[in-house]
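If you want the building blocks of each chain, they are given just below.
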Amino acid sequence: MANQFQFTDEELMARFQSGDENAYNEIVFRYRDRLMNFIYRFVNDVELAEDVLQDTLVKIFTHRHYYKEIAKVSTWIYTIAGNFSKTELRKRKRRKITQLSHMGKDDKVYEIPDIEREPDRGVHVQFSEQKIQNALQSLPSHFRSPVILRDIQELSYKDISKILDVPLGTVKSRINRARQQLKSTLKE
Amino acid sequence: MDRYQFEDYLSDYIENNLNPSKRKEFEEYLKANSSGEELVESVRELLDSMKSMSEIKASSGFMGKLHKRIEAEKNRPSIQSPEKRTYLGFAPFHLGMMVVVLIGLVFVGMELLPTDGTKITTVQPNIELSFPPDLSDPFPPDIKKDEMVKLDQDSSGVKDQDTKAPFDLEKRGATFVKDQN
Chain A
23 MANQFQFTDE ELMARFQSGD ENAYNEIVFR YRDRLMNFIY RFVNDVELAE DVLQDTLVKI
83 FTHRHYYKEI AKVSTWIYTI AGNFSKTELR KRKRRKITQL SHMGKDDKVY EIPDIEREPD
143 RGVHVQFSEQ KIQNALQSLP SHFRSPVILR DIQELSYKDI SKILDVPLGT VKSRINRARQ
203 QLKSTLKE
Chain B
4 MDRYQFEDYL SDYIENNLNP SKRKEFEEYL KANSSGEELV ESVRELLDSM KSMSEIKASS
64 GFMGKLHKRI EAEKNRPSIQ SPEKRTYLGF APFHLGMMVV VLIGLVFVGM ELLPTDGTKI
124 TTVQPNIELS FPPDLSDPFP PDIKKDEMVK LDQDSSGVKD QDTKAPFDLE KRGATFVKDQ
184 N
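Residue numbers (the numbering used here), protein chains in the order written: chain A, 23 to 210; chain B, 4 to 184.
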C-alpha cells in the first residue's frame, strides 16, 4: 500500500468511492479517535459512544457514493456522527421513560460504575474533567454539540456551521451562550 | 456598551476576533466593571481546561468488531450507489412520477365515465347543402371562361383572389338548410 498520508481526505474518499478499501481503512484510522471523543463528550457513555462510532463508520462505508466533493469529508463525517449521537440519546431517553413508567413502588435503580472502562487519568484532572463533562450534559443538545466541536475538537466556526447546518452567526452566538452557561454551572 | 452587548462580544474578545474600535469599547467596559473582568477570566480558564481534557479512545477490540460488521454489510444486496439503483430500468424518482401520472389519468378517466350505465352518444351538426338543378355549367354565370383561366394563372398572387371568388356558392344560388333536429 502506498503511503496514504500523501492523500487528502477528499482524495482518499475518491479512491474509496472507486473501490480502494485501503483508502477506507485510512479514513477510519484518521477519524476513529477524533469521532470517539466527540461522540463520548456528547452522549456521556463510553459503550454507547463506541456503538455510535461503529454505526458512523459503517454508514461511511455503505453510503460512500452519497458523498459529493462539494463538501469537506470531515464535515460529512461529523454530520453523520452528530446525527447518530442525537438519535441514540433520544432513544435512550425514551427507554428511560418507559422503564420508569414500568417500575414498581419498591424498585430502585442501582448504577454500577464501570471502573475498567474509565480512561486512565490523574485524580485531580479526573475530578475537574468529570465536572466539565457533567456540565456539558446539562446543556441542551443545540448548545452542546457546537461547544464540543469548537472547544474540544477545535474545529472552525465555518466547519461547525456546515456540520450542524445552521448559519454562522447562530453558531457563534450558541457557542458564546454555551460557554457562559457552562461557566455558571461549574461555579455552582 | 451595556451588559448584554458585553456578553455578546465575550467569545469574540477572547478569541481575538473583535475589530479595534469594538475591542477598545470592550476593554473600557472591563475597566469599569470588575465582574466583567472575572467573567472573561473564568471563561478563559474553562476553555483551557476543555482543550486539555484527555482523549477518550475506542476499546482495543473495536476495529475487529467494525471489520466484522463491514463484512456483513458487504454481503447485503442493498448496498448500491444512488446512481445505479433502478427499478424496471427507471430511476426511483422517474418511476414514481410515472406511477403518479398513471394513477392520475386512471382517476380522471373514471370520473369522466358515466356511472348509471347510459350509452354515450355524440351530437353532430347535420348540415345539408341543396343546389338548384341548373348547376351543370361548372362556371358561374357572371364569370367568363377566359377570365377563369386568367384567374388560375394568377393564382400565385393572392391579392385579387378574395375580390372575385369563382365558387361563391351563395352567389350561385345555393341555400343552406340547417337541420333543427
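These are calculated hints, taken from the structure and not from any lab test.
For every residue, glycine included, the Cβ atom is placed at its ideal position computed from N, Cα and C.
Keep in mind that a hint or two might mislead.
Claimed, not checked - Just so you have them, the derived chain B footprint on chain A, three or more residues with Cβ under 8 Å:
1) 31–38
2) 53–63
3) 89–100
4) 196–209
Item to check | Per-stretch coverage check for the stretch 31–38 of chain A, three Cβ contacts closer than 8 Å to chain B | outcome: Check failed, 0 qualifying residues.
Checklist entry - Count the residues of the stretch 53–63 of chain A with a beta-carbon closer than 8 Å to any beta-carbon of chain B: does the count reach three? => result Answer holds; 6 residues pass the 8 Å Cβ test.
Item to check | Given coverage of the stretch 196–209 of chain A by chain B, tested with a Cβ cutoff of 8 Å and a minimum of 3 residues | outcome: Coverage by chain B holds for the stretch 196–209 of chain A (8 residues, Cβ < 8 Å).
Checklist entry - Are three or more residues of the stretch 89–100 of chain A within 8 Å, CB to CB, of chain B? => result violated (count 0)
Checked against the numbered hints listed earlier, the structure breaks hints 1, 3; every other hint is satisfied.
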